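Asker: Letter by letter, the chains look like this.
Protein chains: 2
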Amino acid sequence: MKISIITIGDELLIGQVVDSNSAKIATMLGNLGLSVHRKWCVGDSREEIEYALAQAEESADLILITGGLGPTKDDITKKIMAEYFNNDLVFSDQHLLHLEKMLKPRGIEVTDAHKTQCYVPDHAELLDNQLGTALGLKMEVKGKTWISMPGVPYEMEYIMEHSVLPYLMTINQDKHWYAYTINSIGMGETEIASIIEPLLEDMPSYISIAYLPSISMVRVRLTGNHSDPVFLKSQVDAYAKIAEDSLGSKVLNRNNSTIEAEIAHLLLTQNKTIGTAESCTGGNIASKITSIPGSSKYFIGSIVAYSYEVKTHLLNVSKERLLEFGAVSEETVISMMVGACESLHADFTIAVSGIAGPDGGTPEKPVGTVWIAVGNALRYKTKKLKLSRDRHRNIEAASILALILAREWLLD
Amino acid sequence: MKISIITIGDELLIGQVVDSNSAKIATMLGNLGLSVHRKWCVGDSREEIEYALAQAEESADLILITGGLGPTKDDITKKIMAEYFNNDLVFSDQHLLHLEKMLKPRGIEVTDAHKTQCYVPDHAELLDNQLGTALGLKMEVKGKTWISMPGVPYEMEYIMEHSVLPYLMTINQDKHWYAYTINSIGMGETEIASIIEPLLEDMPSYISIAYLPSISMVRVRLTGNHSDPVFLKSQVDAYAKIAEDSLGSKVLNRNNSTIEAEIAHLLLTQNKTIGTAESCTGGNIASKITSIPGSSKYFIGSIVAYSYEVKTHLLNVSKERLLEFGAVSEETVISMMVGACESLHADFTIAVSGIAGPDGGTPEKPVGTVWIAVGNALRYKTKKLKLSRDRHRNIEAASILALILAREWLLD
Chain A
46 MKISIITIGD
56 ELLIGQVVDS
66 NSAKIATMLG
76 NLGLSVHRKW
86 CVGDSREEIE
96 YALAQAEESA
106 DLILITGGLG
116 PTKDDITKKI
126 MAEYFNNDLV
136 FSDQHLLHLE
146 KMLKPRGIEV
156 TDAHKTQCYV
166 PDHAELLDNQ
176 LGTALGLKME
186 VKGKTWISMP
196 GVPYEMEYIM
206 EHSVLPYLMT
216 INQDKHWYAY
226 TINSIGMGET
236 EIASIIEPLL
246 EDMPSYISIA
256 YLPSISMVRV
266 RLTGNHSDPV
276 FLKSQVDAYA
286 KIAEDSLGSK
296 VLNRNNSTIE
306 AEIAHLLLTQ
316 NKTIGTAESC
326 TGGNIASKIT
336 SIPGSSKYFI
346 GSIVAYSYEV
356 KTHLLNVSKE
366 RLLEFGAVSE
376 ETVISMMVGA
386 CESLHADFTI
396 AVSGIAGPDG
406 GTPEKPVGTV
416 WIAVGNALRY
426 KTKKLKLSRD
436 RHRNIEAASI
446 LALILAREWL
456 LD
Chain B
46 MKISIITIGD
56 ELLIGQVVDS
66 NSAKIATMLG
76 NLGLSVHRKW
86 CVGDSREEIE
96 YALAQAEESA
106 DLILITGGLG
116 PTKDDITKKI
126 MAEYFNNDLV
136 FSDQHLLHLE
146 KMLKPRGIEV
156 TDAHKTQCYV
166 PDHAELLDNQ
176 LGTALGLKME
186 VKGKTWISMP
196 GVPYEMEYIM
206 EHSVLPYLMT
216 INQDKHWYAY
226 TINSIGMGET
236 EIASIIEPLL
246 EDMPSYISIA
256 YLPSISMVRV
266 RLTGNHSDPV
276 FLKSQVDAYA
286 KIAEDSLGSK
296 VLNRNNSTIE
306 AEIAHLLLTQ
316 NKTIGTAESC
326 TGGNIASKIT
336 SIPGSSKYFI
346 GSIVAYSYEV
356 KTHLLNVSKE
366 RLLEFGAVSE
376 ETVISMMVGA
386 CESLHADFTI
396 AVSGIAGPDG
406 GTPEKPVGTV
416 WIAVGNALRY
426 KTKKLKLSRD
436 RHRNIEAASI
446 LALILAREWL
456 LD
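Respectively, the protein sequence lines represent chains A and B. Count the first sequence with our numbering and you get residues 46 to 457, in order. Count the second sequence with our numbering and you get residues 46 to 457, in order.
The shape of chain A in the complex, shown without the other chains (with noise of 0.2 Å):
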């Protein structure tokens, strides 16, 4: 079965919205074993969408739809549909009940304008959303299935959920998907090529290798399909295997998890609890910890220290130390983390101060230089970045390499 995603609106197209919904889509296919064949996206106008349509029913047997379901001018989806497929659009009672529940509690007359939802192709089965007033559209027409869901990103969730993968798990597959990610750090996407492909020259060739680099890290993608899911899986596994293995201490975690995942399994196994002392990253550090559940197991807390006084009254770091060696050096950096450990009271801490930019940067102290620190007063690790003169990237460069520093120090 191939599956193709359209996507719908002018805000994909200029840019002020980025198409999360795809990719949600395609990781929530992939939960059943399912990839995505192609994927279109094209503005809010009739011709536009004429041709996605005209071009996945050459190439699609299922089409998922996003965008143009709700009441505004601007959506067009469902009337463009009715004409494509020659359909009436007739009023649905099922709709107008939908909105009325919807609706009522929050205190909302139901108006003309909501009505014009309530119009639907008549062959169309609607699909429920608990999140929203646009009920998903499913139609079959010559063999193919088209459904259409809202572009709000959960309310698209919710109907992917409730009605799309529960609808897919009743059609038997013989195809299967299985994918195992390496995390990597400290190496370039070539230079692990080298290192992995002359070992995978056998991998049969349902198996394929992506590399996919971001900040500080390539991730290493085996991907394949088979009819036979235990084996698929078995076999990916063992090449995976083959790969990690040759990579050694460079394999950050397993299996597409996160630093923060993994640090979080750390800090249990190890029963140790952690805060941060940030400056440059401003919180960044902490809200990527505690976007974990459950991390208050072993997160204490965090001081955010932009200003000196801050500095110096609840992480103690003393304003002669300051002045001699500025905010922004391996000895301010020290003091932090050994403050922010008594002022938390936590086991061990994270402490970052520098320069993220634009502007505040020196010749000694350019944008981009930050000091990083991590431990306690007893053992503790530091570490120097030169980066960028972008503000965005060198927070977060900086906040995954802190991390990064704390898995060091945590399996040292």
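There may be inaccurate statements among the hints.
Which copy is meant is left open, so a pair is good if it fits within one copy or across any two.
What the hints assert, rightly or not - 27 Å max Cα-Cα, derived DSS-like pairs, lysine-lysine:
| # | residue 1 | residue 2 |
| --- | --- | --- |
| 1 | Lys431 | Lys342 |
| 2 | Lys278 | Lys295 |
| 3 | Lys295 | Lys428 |
| 4 | Lys160 | Lys149 |
| 5 | Lys149 | Lys295 |
| 6 | Lys189 | Lys410 |
| 7 | Lys364 | Lys317 |
| 8 | Lys160 | Lys295 |
| 9 | Lys47 | Lys124 |
| 10 | Lys342 | Lys429 |
| 11 | Lys364 | Lys428 |
| 12 | Lys342 | Lys364 |
| 13 | Lys295 | Lys426 |
| 14 | Lys317 | Lys429 |
| 15 | Lys183 | Lys146 |
| 16 | Lys189 | Lys431 |
| 17 | Lys69 | Lys183 |
| 18 | Lys278 | Lys69 |
| 19 | Lys317 | Lys428 |
| 20 | Lys426 | Lys286 |
Don't read these hints as lab results, they were simulated from the structure. These figures come from a predicted structure and were not determined experimentally.
Here the structure of chain A is known, so what remains is to put chain B in place on it, guided by the hints.
Answerer: Only chain B this time, still in chain A's reference frame:
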């Protein structure tokens, strides 16, 4: 000139990577008054890339391609492009020099694996990339321009900024694009449309309207295309003003700025300093405030208090109060706010305490219960939220709604 984007990569189709590239490209083009017509996303296979090239050739004048330019096995774009346009792949000394320049300072030897990158279509112009080993490619074939860039976001951005945009600026454009976005809070998409649209009935057809709902906010965007850029801007601005005026205090801020940027503007204007005391948001509010360049002028710092001890010790919340009312209560969040004002020496603070989930709820205080306080001991506002069961969405919504409450406090 019709511009299309082709993004290539299995990682995009399986949802492992969200395609932020095409939104970035579209935003950069938008600054020149250009818009994207269509977008295709296909996997790393010959058949799929050829399909996308053929489709783009049919309908576009300029085609921007990302992905598949690296040195590894899955990177085949260049080879398929050469074949598609009957070009030979030839070894480029210019590319080899670039490789040596990039790798030698990092102490990496240029290997045969690297050198495969130096084979390029013989009619291609190479586009500089100071952030990676793969250069971009530009080919002119039968009156159409094809530009191929690496999929790594910051490398793509470098090539866009240094080669593609300067090239586009040399081409005379008689079509201009302009958009105005209104950010509104406290109303749904339908309600907004029913207020605005009757007032915009005479809006010319070259201006269109779109509604983009996100967490706690609806963005209303007016987009226009016209040959006269000055006239276009005056027309779009005039209709946007009508819409804005009709929404009154529901307009959060203007022309696509964010709530963080609006808070920054208000703090600088009122010469006030801010800090945060965060429990369930875990530093996410501080992180948003410090994402703005120059935030050190008004942001003092934060205390992220996950443990009871940090709440009593650093925020001076009394143990009795915590025991009587619980950590998630109006009483506690007010104490946190006052305590943070004292600890941080800030003019006012945002304090948040809640149950982000997925666990930790009780019948009286289910997951998603969040209390916010904004202000200082002399004047403050509080708000109770009932959010969802989803941890990530709860943290994000609580952070944004806390910033919105801070805006209201500043405007009072």
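Asker: Work down the list of hints and note, for each, if the structure agrees.
Answerer: Checked hints:
1. Lys431 / Lys342: between (34 Å within a copy, 24 Å between copies)
2. Lys278 / Lys295: Classified as within; 24 Å inside a copy, 53 Å across copies.
3. Lys295 / Lys428: So Lys295 and Lys428 pass the 27 Å test inside one copy only (18 Å; across, 47 Å).
4. Lys160 / Lys149: This pair counts as within: shortest intra-copy Cα distance 14 Å, inter-copy 66 Å.
5. Lys149 / Lys295: Close across copies (22 Å), not inside one copy (57 Å); limit 27 Å.
6. Lys189 / Lys410: neither (61 Å within a copy, 47 Å between copies)
7. Lys364 / Lys317: between (31 Å within a copy, 25 Å between copies)
8. Lys160 / Lys295: Between copies, since 24 Å is at most 27 Å while 58 Å is not.
9. Lys47 / Lys124: Both. Shortest intra-copy (25 Å) and inter-copy (26 Å) distances satisfy the 27 Å Cα cut-off.
10. Lys342 / Lys429: Between copies, since 25 Å is at most 27 Å while 30 Å is not.
11. Lys364 / Lys428: within (23 Å within a copy, 39 Å between copies)
12. Lys342 / Lys364: between (34 Å within a copy, 20 Å between copies)
13. Lys295 / Lys426: Answer is within: at 18 Å inside a copy they meet the 27 Å cutoff, but 50 Å across does not.
14. Lys317 / Lys429: within (25 Å within a copy, 33 Å between copies)
15. Lys183 / Lys146: Classified as within: same-chain Cα gap 21 Å, cross-chain 55 Å, threshold 27 Å.
16. Lys189 / Lys431: neither (54 Å within a copy, 41 Å between copies)
17. Lys69 / Lys183: within (19 Å within a copy, 32 Å between copies)
18. Lys278 / Lys69: Within one copy only: 23 Å inside a chain, 36 Å across chains, cut-off 27 Å.
19. Lys317 / Lys428: For Lys317 and Lys428, only the intra-copy Cα distance (22 Å) is at most 27 Å; the inter-copy one is 35 Å.
20. Lys426 / Lys286: Answer is neither: 30 Å inside a copy and 56 Å across each miss the 27 Å cutoff.
When held up to the earlier numbered hints, the structure conflicts with 6, 16 and 20 and fits the remainder.
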